[in-house]
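Here are the chains, one letter per residue:
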Amino acid sequence: AQKITQTQPGMFVQEKEAVTLDCTYDTSDPSYGLFWYKQPSSGEMIFLIYQGSYDQQNATEGRYSLNFQKARKSANLVISASQLGDSAMYFCAMREAEDSGGGADGLTFGKGTHLIIQP
Amino acid sequence: DAEITQSPRHKITETGRQVTLACHQTWNHNNMFWYRQDLGHGLRLIHYSYGVQDTNKGEVSDGYSVSRSNTEDLPLTLESAASSQTSVYFCASSESKVTKNIQYFGAGTRLSVL
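Taken in sequence, the protein lines are chains A and B.
Here the first sequence is numbered in this note's numbering, starting from -5 and rising by one per residue.
Here the second sequence is numbered in this note's numbering, starting from 9 and rising by one per residue.
Since the hints were made in silico from the structure, they are not lab data.
Be aware that a few hints might be false.
Stated by the list, open to error - Beta-carbon label-pair distances, calculated as ranges:
1) Gln(-4)(A) to Ser92(B): 36 to 46 Å
2) Asn52(A) to Asp46(B): 27 to 37 Å
3) Leu122(B) to Gln51(A): 43 to 53 Å
Predicted model, so just to flag it, every value in this text is computed and none were measured.
Idealized CB from N, CA, C, for every residue including glycine.
Chain B extracted, bound-state conformation (with noise of 0.2 Å):
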């Protein structure tokens, strides 16, 4: 079956270190996103992509960034992690050009930056 997987599923690491998360989706959609959930805010967009060599921020990608060199990987990497960044981390992809678009997400990776 097509999913979506998200690695590695919890991370620990220290503030200032270069941190990346893995998405990878085997459902072949041209679209990806991340997400970060924090408490009292929802899930908010940090970066997506529209296919191979597309990326475009979202409303919090400061800090943050995404490069897309095939379909079916789009890592996210924190450059210098912040305490700020404690968060869960969604990724999640739709197909294009489809009434509904519905995205599907992975099941998050919870990273704490001590």
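Okay, chain A solo, but in the shape it has when bound (with noise of 0.2 Å):
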């Protein structure tokens, strides 16, 4: 069973209106950690914000916000006032047993959605 799972394989939206790009997740361990990364067509990764599932308020990063449901095991980023710019591949990402050995373990990435943004 896929760990993290973006349903969106793409997206068009205007320039100027929020998006909401999905990610669910899944996991037995209490404890864990949500990234969302950036793909451009330049194709480096560019990490955006994360999630701690111990975090008791939503994470912030400028006009990136990640809507955290815990209980519905989904961590959807919301890019707020689209940009040009923004166009890209998304990536949601997981970190298991964040609270245990320093977490140097690797991530568990979704396939990615391909936002595209319209003038």
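Reassemble the complex: the two chains are provided individually, in unrelated frames, and hints are given to aid placement.
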């Protein structure tokens, strides 16, 4: 079974609109971390935002926020006031056992959502 | 500025050849990782290391090896390259024992095995 599911292979959004990228995850570990990365056409992976499973509040970083619904096991990325430069692939990722051993284990990634912002 | 660099950025090789991809970070991070990215699969973990002399297998480690002789470098070796190993390879690093433990990625190496 997939641990990270991103159900939107592609999205077209009008510039300046808000965007929600879906991510659901599967884990039995009570301690985990959720990450979102952006991959523009140039190919690099850019960290956007992090949410820990014990965090009480939804994470925010500038125009990015994470809609964390623990009971539903969802961690949707919200981009407010989208810009043309937001066009990219977006990956949701998870690391389990956040509170053990320094968290050195690798990330499990979803397959990504290709977001295209239209003028 | 601290950074993580991968070389080469592009590589074409033939099946059966040994190939080594370099990864060098100046963050002084203990943790280093190798992933491969294929269409339809996202990124998948190949190997990772907690520190010098430590290496661990990831989800897709068959046909790959790594060694960690210092903090800065984690080279990835394909012992006998196969066409199925055509992919984009990413190296990443993270600091130990820190909340969030964000992984920072290199720019990637595009490998073609013909």
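Here is what the structure says about each hint:
1. Gln(-4)(A) to Ser92(B): 36 to 46 Å: Roughly 21 Å apart at Cβ, these two residues miss the hinted range, so it is violated.
2. Asn52(A) to Asp46(B): 27 to 37 Å: Check passed, 32 Å falls within 27 to 37 Å.
3. Leu122(B) to Gln51(A): 43 to 53 Å: Holds, since leucine 122(B) and glutamine 51(A) (Cβ atoms, about 51 Å apart) stay within the stated range.
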